[in-house]
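Numbering (full-length UniProt numbering), first residue to last: 1 to 298.
No wet-lab data here; the hints were simulated from the structure. Keep in mind that this is a model prediction, so the values were computed, not measured. Be careful, since some hints might not be right.
What the hints assert, rightly or not - Okay, the calculated beta carbon distance ranges per label pair:
(1) P53 to A29: 34 to 44 Å
(2) P118 to R203: 14 to 24 Å
(3) R204 to A99: 13 to 23 Å
(4) R63 to G192: 27 to 37 Å
(5) N164 to R64: 37 to 47 Å
(6) G10 to E190: 15 to 25 Å
(7) E201 to D130: 39 to 49 Å
(8) S52 to R172: 29 to 39 Å
(9) R168 to G10: 29 to 39 Å
(10) S39 to A153: 19 to 29 Å
(11) A157 to Q73: 21 to 31 Å
Yeah, the Cβ is synthetic: ideal placement off N, Cα and C, and Gly gets one too.
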Amino acid sequence: MLVAVCSLKGSPGVTTFSVAMAARWPGEARCVLIECDPSGGDIATRFSLPSSPGLVSLAAAARRTIEAGLLWQHTQPLPGGLPVVAAPPGADHARAALAALAPGRADEGVLQLAAGAPDTVVIADCGRVDPGSVVLPIVRSADVLLVLSRAHADDLAHVATRLNTVSRWSARPGLLLVGEGYSTAEVSRELGVPAMGRIPEDRRGAAVLCGRRGRRRGPSRSALGRTARGVAQAVLGHSPTRHIGAPSPVPILRAVASDANPPETPNGHRAESSITPPPNTPAPEDTSRTGGTHDLSE
Numbered sequence: 001m002l003v004a005v006c007s008l009k010g011s012p013g014v015t016t017f018s019v020a021m022a023a024r025w026p027g028e029a030r031c032v033l034i035e036c037d038p039s040g041g042d043i044a045t046r047f048s049l050p051s052s053p054g055l056v057s058l059a060a061a062a063r064r065t066i067e068a069g070l071l072w073q074h075t076q077p078l079p080g081g082l083p084v085v086a087a088p089p090g091a092d093h094a095r096a097a098l099a100a101l102a103p104g105r106a107d108e109g110v111l112q113l114a115a116g117a118p119d120t121v122v123i124a125d126c127g128r129v130d131p132g133s134v135v136l137p138i139v140r141s142a143d144v145l146l147v148l149s150r151a152h153a154d155d156l157a158h159v160a161t162r163l164n165t166v167s168r169w170s171a172r173p174g175l176l177l178v179g180e181g182y183s184t185a186e187v188s189r190e191l192g193v194p195a196m197g198r199i200p201e202d203r204r205g206a207a208v209l210c211g212r213r214g215r216r217r218g219p220s221r222s223a224l225g226r227t228a229r230g231v232a233q234a235v236l237g238h239s240p241t242r243h244i245g246a247p248s249p250v251p252i253l254r255a256v257a258s259d260a261n262p263p264e265t266p267n268g269h270r271a272e273s274s275i276t277p278p279p280n281t282p283a284p285e286d287t288s289r290t291g292g293t294h295d296l297s298e
């Protein structure tokens, strides 16, 4: 399965959440994170990784041959063992690499081949996506598209004006709100799109995911990590079957539980959260060793 994560405006924490979700992916599936941000990557700098292997070396290899195992040959492990394909910090190099990795009209690309392997999940951190972006072919080919937005008026205005555009990228994308602001119920009502849930502001949890030393609160023990795991469980509950050249439509994803407090509405009162866990979905576990999860605090 290929899961694309992006934003439409600003920096709501796409990379941090992508790392959290990859580290806390439930079950026994192999999960790999690849930075596909056209503006350049952050993971290599955050975790002091070498420049190679990574996105650039993967793109160079893909020009010669494309096979299902190619992506794994260009990963590096984060603390805890999560494999990542890090993008270069420079936008020019990142865009050139992404152009080489874009799937063709008649065949699948490197990411799609890797994601089509049994028990494999590829999470693509696509950063901020604009119409005409070099990363759009990857976004369109994803089985699931998660759009992150802060719950403030200016950010949501961009989401509202681009709903039709986003619907052409993915059959029915999932919207995740970040931090405080308008309530989930208000946003869903005004946009006419049910939000999956809300990602909490969790500075301590985010610090580990940003590679800051001296932080011991790994994703398995943080509010951010628990929310990321809940989102992953919701995605798994509604994942389509991959068909080469004809991806199945992705249903609107159900809301997931969040550790964030219900935000204040514009009138200053607390709103009741509309976030409820999917039926029969187990509560996220706090053990970092369940399935294929990785604790980046190690």
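Against the structure, the hints:
1. P53 to A29: 34 to 44 Å: Given about 22 Å between the Cβ atoms, the range is violated.
2. P118 to R203: 14 to 24 Å: 38 Å Cβ-Cβ, so the 14 to 24 Å window is violated.
3. R204 to A99: 13 to 23 Å: 38 Å, violated
4. R63 to G192: 27 to 37 Å: 43 Å, violated
5. N164 to R64: 37 to 47 Å: 39 Å, holds
6. G10 to E190: 15 to 25 Å: 19 Å, holds
7. E201 to D130: 39 to 49 Å: 26 Å, violated
8. S52 to R172: 29 to 39 Å: 38 Å, holds
9. R168 to G10: 29 to 39 Å: Violated: the Cβ-Cβ distance is about 22 Å, outside 29 to 39 Å.
10. S39 to A153: 19 to 29 Å: 24 Å, holds
11. A157 to Q73: 21 to 31 Å: Since the Cβ atoms of A157 and Q73 sit about 43 Å apart, the hinted range of 21 to 31 Å is violated.
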